[in-house]
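So the sequences go chain by chain: A and B.
Numbering of the first sequence is given in our numbering, commencing with residue 355 and proceeding in unit increments.
Numbering of the second sequence is given in our numbering, commencing with residue 74 and proceeding in unit increments.
Treat each hint with caution, since some may be false.
Unchecked claim - Distance condition first, Cα-Cα at most 16 angstroms in a straight line; then the derived EDC-like pairs of lysine to aspartate or glutamate: (1) Lys428/A to Asp380/A; (2) Lys420/A to Asp280/B; (3) Lys122/B to Glu272/B; (4) Lys439/A to Asp280/B; (5) Lys584/B to Asp516/B; (6) Lys428/A to Glu405/A.
What the hints assert, rightly or not - Calculated from the model, a selection of chain A residues having no Cβ within reach of chain B, i.e. all distances over 12 angstroms: (7) Thr358; (8) Ser367; (9) Arg373; (10) Asp385; (11) Thr395; (12) Asp403; (13) Gly411; (14) Leu418; (15) Arg425; (16) Gly426; (17) Asp443; (18) Ser448.
Worth flagging that the hints you see were computed from the coordinates, not collected in a lab.
Keep in mind it's a predicted model, so treat the numbers as computed, not measured.
All residues carry an ideal CB built from backbone N, CA and C; glycine is no exception.
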Amino acid sequence: MNVTINEEGSRASVRLEGRLDTTNADQFMKDITPLMDGNHTEIDMDCTDMEYTSSQGLRMFLMLQKNVSARGAKLVLRNMKPHVKEVFDITGFSHIITIL
Amino acid sequence: MAYGRKSISNRLSRYVLLISAGLFVVVTLLLGFLTRRIIERVSEAVAAKDLELAVSEVEKVITEVERAVDNVDWFVERNSSRQSFMTEATRELVSANPNIIGSAVAYEPYYFPRKRWSAVYTYIDAETKELKTIPMGNPDYDYPQLDWYRVPRLHDKPMWSEPYFDEGAGSQRMATYSKPLRDTTGRFFGMITSDISLEWLAGRIRDIAPDGTSYAVLVSANGTYIAHPDSTKVLSQTVFDVTAAMGDSTALAMARDMVGGKRGSGRFNGGSSDDSYAAYGPLSNGWSVLLVRSYASAFIYLYLFNLFLALFIVLGLIGMYLGCRRVIRRQTMPLVEFSQAAMTIAKGNFKATIPPVKSKDELLTLHDSLVYMQKSINEYIAELKTTTASNERYESELNIARGIQMGMLPRNFPQLDQCSLNAMVQPAKEVGGDLYDFLVAGDALYFMVGDVSGKGVPAALFMAIARAAFRFIGPLGLSMAEVMSRVNNCLCDGNKNEMFVTIFAGRLDLKTGLMTYCNAGHNPILVVPAGGEAYFLHARPNLAAGLFPDFPYQGEELLLAPGTRLVLYTDGVTEAEQSDHSQFGEARLKEWAAGLNPAVSSGSATIDLYSRVKNFTRGADQNDDITIMTILFDKK
């Protein structure tokens, strides 16, 4: 999983590439830690090239979402592939996380 | 250990040998060149000395002859009118001078009245060795017309003749010194002569260079050979004949120079592989002496010297090679020992002794490095042993945990008249996060399949809570939505790590076939009606349990026709991957269901699906737990 973070003031554009599974979930957690330090009011994640997420990965998104909600900021996931979106839908995560 | 030809000592020795041999070759070539030049110079000096010797030797003869003639001519001149003195004078000359082989006194024609010829010739008889005196002059031997008489008379001075073969009294090759005679009034009246043998003269100069490395040649005023080691050339050839045949312009120039009465020297090639050196000088009578010295003859010593030098060098190089090899081998012996010690260590004997080093050089550094490496390895191994021991403990604890977890999953699958149920979990790691549960209470079958986020011990613990909650709350008689809500609240309580679990839970009324269910974010279950096409039950997803307390879960219901089979699973089935990441997928699951014999038991169906998944992944690593539960509702 490749995570590229572009910061434009209080807005963070994030690009996700590859597969998010049990083997690299911990690394993904470290990669997105800078987004949880409270500096950004708006986090925009481009999921065009995200191929897969496991339930462990969903947990990471959930933790980020809870962190963002607690400080009144916004998290948006964009351009998700249908089969990845399906995972978010099945588990009901689409209710919690804004997916455009 | 034998390294043979590839050992360092052999290699280094060979390099030393090659470099030394190269140096020796260069030095030898240089030395050879210099020696050659020196030998040439010495050769030339020797030739110059030999020339002087030859010149003085011949000059001595000439002077002696001339002086002998001078000593008697006054006697003849005083007594010019008395013929008898002729005989006396010639006999005196020949007998007193070993150089002179013949002598003549000849008068001008008609010096004595009525006598055209008046002359005597005295010589040593070849057979008797006695002096003989004979009169000269007759119509066949008209001496005033002959060169020895005519030419000096013409020039009016004493002269040496060109060499000639005397067919008269002497019958040998000779040269003649002729001196004009004058009476008291100064009038020319005759000629006095002395002959010298050219064979004898040649013998005098032949001894100049007895070693044969050089030879002397005597040449007349017009270039004819007077004396030459090759006697066939004498009188028959001139220096110009010989030098022209050589085709060497230097030789020809030198020949001209020599015949012109000059002194000189030079190098020329007479046709052989090596050059020769010529030195020449004039004699007082117009003749010249030529000394030829061949360099090649002198170079023989140089070649011999070189041969010995090469022999010594080869022997020296062999000695040096052997010596070098011995010294280097001794000096690098610790390396061999080190490599043996390193090999011993590499084979697993970590306590092997590193051989000590006496010298304080790179070998000592290598020794210290080896000792340090050995120490590090031993420390690392000790550490590794501790780590391994503790890892083994963790592993055994994990195995126990797995046993406990698997023990929680019920295996006493109900074989009721109305339905049969079978299930299995294959964790990806030792301890997994998938779970299933079922229980029969009254006329109802309660069942659930769940998937905890993550794997390992945390997932297993979370799963245990979920299973306990379901087992307790399930059969209380509540709606499935209510059951899920309570289970959710149970799980949310104290869940600080954002763990969650997706659950499909249902209650099947065994009498009516009515299934009420609630889906908490789980995969849609597969419904396989008897004789109909299988379909995924896309229930309302609600939300995975454990995330938000008091989430309003909503239940649904489905009436099952007899013979309907339910297939519950976790994403470990649909997301089972081959090594190229292609997934098993819902389509293959559906395909499997279509090909399944409707009458087959739940146990066989479960195993069949699992083996289908395993066949698909073809041994690729399993990256998620696989859980399968099949229920066959078959109201009799």
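Hints, one by one, checked against the model:
1. As the CA atoms of Lys428/A and Asp380/A are separated by approximately 23 angstroms, the hinted pair breaks the 16 angstroms bound.
2. A C-alpha spacing of about 129 angstroms is found between Lys420/A and Asp280/B, which places the hinted pair above 16 angstroms, so the restraint is violated.
3. Distance restraint check for Lys122/B and Glu272/B: the Cα-Cα separation of roughly 23 angstroms exceeds the 16 angstroms cut-off, and the hinted pair is therefore not satisfied.
4. For a cut-off of 16 angstroms, the pair hint linking Lys439/A to Asp280/B is broken: about 125 angstroms separates their Cα positions.
5. With a C-alpha separation of about 7 angstroms, the suggested pairing of Lys584/B with Asp516/B holds against the 16 angstroms cut-off.
6. Distance check on the hinted pair: Lys428/A and Glu405/A sit about 24 angstroms apart at the alpha-carbon level, beyond 16 angstroms; violated.
7. With a least beta-carbon separation of about 22 angstroms from chain B, Thr358/A lies farther than 12 angstroms from that chain, consistent with its non-interface assignment.
8. Every C-beta of chain B lies more than 12 angstroms from that of Ser367/A, the closest at about 25 angstroms, which supports listing it as non-interface.
9. For Arg373/A, the non-interface assignment is contradicted: its Cβ lies about 7 angstroms from the closest Cβ of chain B, within the 12 angstroms cut-off.
10. The Cβ of Asp385/A lies farther than 12 angstroms from every Cβ of chain B, with a closest approach of about 17 angstroms, so its non-interface assignment holds.
11. Against chain B, the non-interface label of Thr395/A holds: every CB pair exceeds 12 angstroms, the least being about 22 angstroms.
12. Distance check on Asp403/A: its Cβ is at least 14 angstroms (rounded) from any Cβ of chain B, clearing the 12 angstroms threshold; non-interface status holds.
13. Annotated as non-interface, Gly411/A brings its C-beta within 12 angstroms of a C-beta of chain B; the closest such distance is 9 angstroms.
14. With a least CB separation of 10 angstroms from chain B, Leu418/A falls inside the 12 angstroms interface cut-off, contrary to its annotation.
15. The non-interface label for Arg425/A is consistent with chain B: the shortest C-beta to C-beta separation is roughly 16 angstroms, beyond 12 angstroms.
16. Listed as outside the interface, Gly426/A is consistent with that label: its C-beta sits roughly 18 angstroms from the nearest C-beta of chain B, beyond the 12 angstroms cut-off.
17. With a cut of 12 angstroms on Cβ distances, Asp443/A falls inside the contact zone with chain B, its closest approach being about 6 angstroms.
18. Residue-level check failed: Ser448/A sits 8 angstroms from the nearest beta carbon of chain B, not beyond 12 angstroms.
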